[in-house]
Every structure is written in C-alpha cells, then in structure tokens.
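Given the coordinates of chain A, assemble chains B and C onto it according to the supplied hints.
Below, each chain spelled out in residue letters.
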Amino acid sequence: MDYKVIDGLKYTRQHEWARQENGTAVVGLSDYAQHKLGEIVFVELPDVGAEVEAGKSAAVIESVKAVADLYAPLDGKVTEVNEALLDQPEVINQDPYGEGWVFKVEIKDASQLEALMDKPAYEEFIIKEEEEE
Amino acid sequence: MRKAKALLFEMGRPGRQGYSLPSNDVPEKSLEELLPKKMLRQEPLELPELSEVEVIRHYTELSTRNFGVDTGFYPLGSCTMKYNPKVNEDVAALPGFALMHPCQPEETVQGALELYYNMEQHLKELTGMDRFTMQPSAGAHGELTGLMVIQAYHRNRGDHDRNKVLIPVTAHGTNPATVTMAGYEVIQIPADERGNVDLEALKEVVDETTSALMLTNPSTLGLFEEEIVEMAKVVHDAGALLYYDGANLNAIMGYARPGDMGFDVVHLNIHKTLSTPHGGGGPGSGPVGVKERLIPYLPVPLVDKKEDRFYFDYDLPDSIGKVQSFYGNFGVVVKAYNYVCMMGGAGLKQVSTDAVLNSNYLASLLQKTYFIPYDRIRKHEFVVSAKPEKKKGAGAGDIAKALLDRGFHPPTVYFPLIVDEALMTEPNDTESKETLDDYARAMEEIARDIEEDAEKVAAGPYHTVGGRLDEVRAARSPVLRWQKE
Amino acid sequence: MGGNHYLPLTDEDRREMLKVIGVDSIDDLFSDIPAEVRLKRDLDLPPAMSELEAVKHLNSLAAKNKHLNSCTSFMGAGVYDHFIPSVIKHITGRSEFYTSYTPYQPEISQGILQAIFEYQTMICQLTGMDVANASMYDGGTAVAEGAVMGCGATRRSKALVSKSVSPFYRAVLKNYFNSRGLELEEIPIKEGFTDFSKLEEMIDDQVASVILQQPNFFGLVEDLDGVADLVHNHKAALVMSVDPLSLPVLKAPADYGADIVVGEGQALGVPPSFGGPLLGIMAARSKFVRQLPGRIAGETVDSEGNRGFVLTLQTREQHIRREKASSNICSNEALVALAAAVYMASMGPQGMREVAEQCAQKAAYAFEKITALDGFEAAFKGHNFKEFAVKVPGKPEDLNQKLLQKDILGGVDIAPFYPELEQTMLFAVTEKRTREEIDTLVRELEGWK
Chain A
1 MDYKVIDGLK YTRQHEWARQ ENGTAVVGLS DYAQHKLGEI VFVELPDVGA EVEAGKSAAV
61 IESVKAVADL YAPLDGKVTE VNEALLDQPE VINQDPYGEG WVFKVEIKDA SQLEALMDKP
121 AYEEFIIKEE EEE
Chain B
1001 MRKAKALLFE MGRPGRQGYS LPSNDVPEKS LEELLPKKML RQEPLELPEL SEVEVIRHYT
1061 ELSTRNFGVD TGFYPLGSCT MKYNPKVNED VAALPGFALM HPCQPEETVQ GALELYYNME
1121 QHLKELTGMD RFTMQPSAGA HGELTGLMVI QAYHRNRGDH DRNKVLIPVT AHGTNPATVT
1181 MAGYEVIQIP ADERGNVDLE ALKEVVDETT SALMLTNPST LGLFEEEIVE MAKVVHDAGA
1241 LLYYDGANLN AIMGYARPGD MGFDVVHLNI HKTLSTPHGG GGPGSGPVGV KERLIPYLPV
1301 PLVDKKEDRF YFDYDLPDSI GKVQSFYGNF GVVVKAYNYV CMMGGAGLKQ VSTDAVLNSN
1361 YLASLLQKTY FIPYDRIRKH EFVVSAKPEK KKGAGAGDIA KALLDRGFHP PTVYFPLIVD
1421 EALMTEPNDT ESKETLDDYA RAMEEIARDI EEDAEKVAAG PYHTVGGRLD EVRAARSPVL
1481 RWQKE
Chain C
2001 MGGNHYLPLT DEDRREMLKV IGVDSIDDLF SDIPAEVRLK RDLDLPPAMS ELEAVKHLNS
2061 LAAKNKHLNS CTSFMGAGVY DHFIPSVIKH ITGRSEFYTS YTPYQPEISQ GILQAIFEYQ
2121 TMICQLTGMD VANASMYDGG TAVAEGAVMG CGATRRSKAL VSKSVSPFYR AVLKNYFNSR
2181 GLELEEIPIK EGFTDFSKLE EMIDDQVASV ILQQPNFFGL VEDLDGVADL VHNHKAALVM
2241 SVDPLSLPVL KAPADYGADI VVGEGQALGV PPSFGGPLLG IMAARSKFVR QLPGRIAGET
2301 VDSEGNRGFV LTLQTREQHI RREKASSNIC SNEALVALAA AVYMASMGPQ GMREVAEQCA
2361 QKAAYAFEKI TALDGFEAAF KGHNFKEFAV KVPGKPEDLN QKLLQKDILG GVDIAPFYPE
2421 LEQTMLFAVT EKRTREEIDT LVRELEGWK
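Protein chains in written order, with the numbering used here: chain A, 1 to 133; chain B, 1001 to 1485; chain C, 2001 to 2449.
The set of hints was computed from the structure by calculation and includes no laboratory data.
Quantities reported herein were computed from a predicted structural model and do not represent experimental measurements.
Cβ atoms here follow ideal geometry from the backbone N, Cα and C, with glycine treated the same way.
Relax, there's no trap hidden among the hints.
Between beta-carbon pairs, the in silico distance windows are:
1. B:Gly1072 x A:Glu53: 49 to 55 Å
2. B:Val1472 x C:Ala2063: 53 to 59 Å
3. B:Val1087 x A:Leu86: 52 to 58 Å
Same shape as in the complex, but just chain A (with noise of 0.2 Å):
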C-alpha cells in the first residue's frame, strides 16, 4: 500500500476521514486523497457555526488543476475550522491525518460515525478503487 491509512479512524467513500474527540468529530482528507489531488494550494473553509449534512460538501480543496469538494461526513454544526490552512493549504499534503484537519463538528448522531469504513475496510476500497483506474 502506497498511501497512509491509520488505525482509530473512520473514512468515507470520498475519502474523508473523521476522528471522535470529546464530543465533535474532527475531519480531514485522507493521504490517498491529497497524493490524488496533488499539490494543495487553497482550501476554502466552512463558516463556524454553520450546519454541515452528512454527504453534501463542507469544505473545497483545490490544487492547482483540480478542485475537490470535502463532503461532510455526518451532520452537525461546524465547531471550528483549521485556519492555519488559509496561509499553508500544502500542510494538507504533508501531515494529512495530523496538523492539517479541515473542520471540526458537533456529534448529533453517532451510528453516522460507526457506519463508516475502519482501516481494513477503506484500504480494501482504496485498492479497488486504483484496479479500477
């Protein structure tokens, strides 16, 4: 496997990724999903406070001839957002799963979380997904 896929958190079919943390998911882009876009340079933040719905886009990656909707990964009210992305989107590329998080949201409904992919699960789908290509 090429691409980084770490234990303990969750991922999407569009290759979100979502941590549990006191309450409020955090949520980023996975490392195959930033390898795939390339190099980032803007990413186009939710407002604090706004409503987020599972599957519809929250956030926009952009890269520099492609742009990429970041699709919630379950609803809630958005918490805080990574400003630090604003100035340096490339710390997306560089610690995917770390320093550079998307957004944070309120947990209302947790079987959301628990519905998506475990590390197994998404690498499988990762694989496919290339064989596909």
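Chains B and C in isolation, oriented as in the chain A frame:
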C-alpha cells in the same frame, strides 16, 4: 543561459517620452478651472516612462518568447489552430472597416451591413440554419446567447419548469459553465463504450424539466455521434431543444450540417473554423444561428435588406435584448468573410476533407507507439492516452513539455476528462504530410526517451526560453501585478 | 479552386495517406455520418475568389462606408476617436502574438503572459485596484460580469444600476440578470445625475452590487463621495464603470471606495471597428480575487529560479471548475489588451495626462461655443469630461444629415434610450479635434432649425 526579461516597470527614466501629440490649440484652462478639486486624481499616475525604441524592443523581444501558428505546428485539440491568412488582416484593417463608429447613421455603414448580410447568408448555407446573429464575441458567449434564446422560447410558451440542460461528459468546460450562467442546472450524460453519448442514459433523464441538450458533434474525442437522428428525436419528443457547439465544425463542412441533424441552435467559432487568428487568447467571434421558430428571440438588432438598402432591424418584441454593447466583433467577422469568399463551397469541403484525413493519418502513425482509445474512424481530432507512459514516470503533461523542446506546440492536455492522461490532438487542414511525419517521429522519440529515462523527460523542457514554471507557487502566493519595492 | 494555397496536401499525398490509414477512399473517412444527415449536394456558396478578387471585393464594401478618416467625428457614447500611435499595429501585428492561442503552455508563451501581467499592472495603477484580469469582451459584458461577480461574492441576488450608466451596458446587464434569475433595479436620475437620495431608499441588505458609471453616459462627472460608505454599510459591493482615459486626471475609483472596477478600454489605442473587437476592463480589490472571471497572469519562477509568468488561479475557470466556475468566459480580447498595454507604455504618465487634459479642454471649448448658439442649450448643469449633452432645436437625425454633407459625424441622439430627453444629443470631443474642426461644427450648427 536562460534569462528573465525585464518588465516595462524596470525600464526607462523619468522624463523620457515615447509619444508625440499636437499642442492644444483651444484657449487653455487649467483642470482646476474645469473640474472641482475633489473630483481630480489625488496621486499622480505611475506608469513607465519609455522612448518609442524601448517600447518596440521590449515587445519585439517578448514576441520572440511566444509561439504562434506562424512559428510551427500547433495541434491543440478542439482549438483548430489553422493558418491565419495574411490577407485577412489587411482587409480588416481598411479604414472603411476598422475606423467606423458604431453609432454612425445607417446610410454611412452600408458596406458593413452588406458584409454582415452576406456573411449571414453564407453561414446559413454552411450550417442549415435559418437566421444568424453576429453579436456574440466568442464561442462561450455564443453558448450563453444560444441558451438565452432557448430559455426565452420556453418562457414565451409559458413553459416555466424546464430548468435543466443536459451535456455529455465529453463536453468543453464552457458548456457546463454557460449552463450555470443561464440559471440552469447541469445534468451530465455518460458516454457509451464507443465514445458516443449513451443513448439509453439520455432517454432516462430527458423529461419535461429538460430545456436543452448541448452537444459538440463530432465530440471532443473526434467521434461523430452516429445516433444523432435518434437523439434529436428523443430530445424533441420531450419538448426540449438541441444546441450545437460549433467548436468542431472544421470536421464536417460540406459533408453534413447541424441544421439537417435536428439542431435548433448553433454557435460557430469563426476564430477556429473560419481561420481568424486567436490573438493570444482573443478576440474571437461566436455567431449564433437558429431555426425559424427561434428567430423572434435573437438579440437585436438583426441586419436586413429592403430593396437595395441594408438596415438594422430592432423590431423584435420578443428578443432577449443584447449580449454585447454593439454588433459583435465586426473586425473578426470581416476576416472570416474574406476567408469564405476565397474558399468557396468546394474549398470549405476540401478543408474538412483534409482536416479529417490529416487527423486519421496522424492517428495511424501514432497508434504504433501510443494508446489511442476508441479505435474507429475519427473526424478532425483524436485523443491519445499517455496512461502507460505515466506509469513509467512521465505523463501527458511531461510529453507536452518534451514536444516543446522539439519545436512543436503540444496537443490539449488532460482533456477530455474521460480519457486518462489525455493528449487531444487536432492536426487541421493547413498542415502538410511532412509536418505530420515529423511530429510522429518526435512522439516516437519521446516514447523511447521515457522508456530510457522517464525522470529526465519529466524534468523538461530543456531548450525553451524558460524552464518549467512553478505553477504551485503562482497559485499559493499569487503575485498578480508588479509593485514598487 | 480558391484557397488552395492554404491547403498543402497534394493528391499524391492524399493517396499515400489513405493507404497508411488503411481505407480506400476519402468517403470511407466520412462513413460514420449517417446517410440521412449527409449533405447530398454541393454547398451553395459564391464561387471561390482569388486573393486579388477578394481584396477587390472587400475594398468595394469598405468604400461604401464613411469612417473616422473620411469624416470629422464628434461621436462617443462609449467609443471614441482617439489618437492611436503607429507602434501599436506594429506590435499587435507580430504574428508570434496574434497567431497564438491562450497561453496554456507557459514555457513557450512567456511573451504574451508577461505582456498580460504588465497590462494587469497598468490597469491596477490607473484604477487603484489590487488585481485585474486579462480582459472581458467589452464594456457591456464587463459591467454585467462585474455585477454578477458582486452577487457571487456577497451570496445575494439583487443589483441596483444607475440610469446614468450607458444604456448599451444596461441592456447587456439586464439580459444577463434576467437569464440567470437575478433581480435588477434601476436607480433613477435627476438632471443628468444618479439620484442618490433614491439609492438610499432602495438599498437594503438584499443588494449585492450597486453599479455606477464615471463619467456617466452624459459625460458628467458624478459626485460620488460618501456613496461607497452607503453601499458598504449594507455589505454590498460598489461596481464602477470607468473610462480608463479619464483616470490620468479624474479621481481613481479606489479613492471613491469602489470594490470592482469595469469599463470599456477602447480609448486606449484601439480602433473602433464598428463596435468590436473592443476591450472589457475588469479589476477588483484583492478580497474578490477568487470571484474574478477570466484569465489572470501571475508571476512565478522557473526551474532555474528565473522570474516567469503563468496563467494562475485557474481553478476559478470553466475548464477546471465547470458548472461552478466564476464565469464561462474562455476566449477574451487578449490582443486588444496587448494594444492597450502598448498604448499605455508609449504614452506614459505624461502623454496620457496630456491626452486627458486636451479632451477636457477641447470639450469645454466646444460646449461653451455650442451652448452659446441660439436654440442650443446645455441639457444638464455639471462638470463634463470629454462629452456633453445638448438640447438642440430640431430633430437630431436631421441635424446629423446636414453635418454629414460636410463630412462631419455629429452627436449621438439619446432620445431612443431616454424618451424623456427629446431632441438631445451627446457630443464627444477628443484630443484629436482641432480648434478649426470645432469651429466648423459650431458654424454648421449656427442658424440650423
């Protein structure tokens, strides 16, 4: 040794001048006498101060850092970068065309109106449509105009629920962007395994909310939509209209006409098909033609003729209004008109014949080395997929840079999106067999180079005036103008 | 056959090529076009002309037109008869520029990219804005896109436009808004100026853009102090349409607090060409850069660390963002922008100021002389730049007919756009007009009924 060129702002000296003006011969009044001080400029204008020689040398050097059709082969897919006849430039520059004011009385512009009138007749014959407007200034502007006309048609019939426009996955980016600008929702139609629009998928989504289907035929894959008649029927049966994006008309002139295929609206890119130059990005011109039932909605004014007199017709109560301040890019239409006069009907058919022949020939040569999906007869362009090369370490973008080193402008890269590592290649009608042979040899060489040392290819180009440019840096910290330090 | 000199393939070539392709005939290459849509006859176009014949034909058409070299022009309304230095056509006539496409491959397009970057810089210097794009189609489409841009930036869907903005631009704006389902209201005018008391009543927190023109359509310089505060209090964007050639002397839009600056750039060394190609100017404050439509050149470095230029922030554009792009614009007016850049570089700050001053002085001279004539009076009281409206004693059409006999292109009749302003004409006077030409015009007007 590569070197950057100084900017205008880094040249010149205070007090130097590059202009001459007659002196003012009316009684002089100071600006302060003419205008209140608070309406006057506060900070003096900061522009470079240069002599005429410096200006000329600056831009002459810049021109040597630029590649045009006159420099070499330019197979940029869907852009139809054919030779731009020199005489077109001469006639467009005639004072009787270039120096006309748009508000002149009609009797002083009879020659211009006659030209517009004649051009309209020619475009009608070329496309099988019933009327044309020359007002749109470019292809995308024509698309917007066309969708506005379609929208007005539906609205005028009290048909207000048609809020969707269908576009195939192979469409130019301007199509979906135009759909949004016209206030519509985009519905994307997939392609079938032969590269055509998936007719079954089309049937599934067409309904009473469909306003139009926008189609480029032949498509950006260079493939003719073989089921066009059936598609037109499906769309029309649902009460929707068919829009023809004329970007690829160079493939079929004299062989088939959008009007006969069932299209209700077309736009042409006369800066592609009809030989006018692209000017480093523009100006273009995107005349829009429609079928009879859509004429009432065209922008005003139309050009008409009564007895021997040509006139502007503003009497279109249902017209969408205007899309440009005046009558379109007249200066560009003059050039295209001259081209049509020189080519004639048989000549234009020969243009398409040679464009398609060149494309199929070049594809046959490249097929020995490269993967070209959708193996069938092509029209004026074809798409190479550099996916196998990418796996070796150098993809479509790197092949493009390697072509620069060999004196060619590369094809359109990474488009259409349904082909991985796409190189959309359009050799067009004004290229000789020798040029195509040279290009094919260069492509073979590049394939060999990738085999031997992909990393080296990926680090090119090596022989251009500048090395590969850092686009990431440009986008991350945008510097969009020069500023004094 | 005509046009053969543009088609290099010989019959021998064609035969060889068909063989390589592996088909028997040209017809086989078109076999994918269904029979029912095949054109089964020849195109019915006039017979092909040789180059000589075509030039003769085009010359004969051009000869039927009057133009700014055969007449003395006082026409304006957005397109003006300014001096065009000879250098411009020699630069834009270099085919490395004019036969190139949009600079997608920066390594072989540094020439046009740097020229665009310099153009953007000079537009910023003129307007006081932070960013400018590589051009829009013309003034009208620039106004429309500027207003739409304000909607995108504020996420609102309503604009207010002054009736003193060119009716040509408002027609385009109206159409763009109508199609997209955006709301547009017109701010009334009072004696030739935007009625700002009405703007105060009309503006609310639904308004995205307020569009004004300086100088306005009647050539009047509007008093815009404080307007930006009003607009910004409602978190709307102030869109100003300007004549770039007024800016060497008139207050910069940035100093009025404008957020987006648009306009017609034809005055900057571009022939009028019967209304196109023209030059749409588009500039803005840096916070709007992601909503800016069209191409933008940006500075970067190459692999050796040398300065170079690329098209940047392309994710705004249609070829990447598709239906979510800031606009559908693809082809623009790059070569016309190049002409404008060469104009500004040649004229420099002194030359541009001199042109603007002469315009203002000559217009003032003509205004004084014409309004002193019996039956002619100023349509409005105020300060004009290079254009002014005059009430005339009769039908403008008839007056223009009379002037035409003396090879004078008179004023633009504005009644078709402002029915309440009957018998009113708009005269433009540029630096090209001499005192003698103005005096001749005045003599012809004198005693006309």
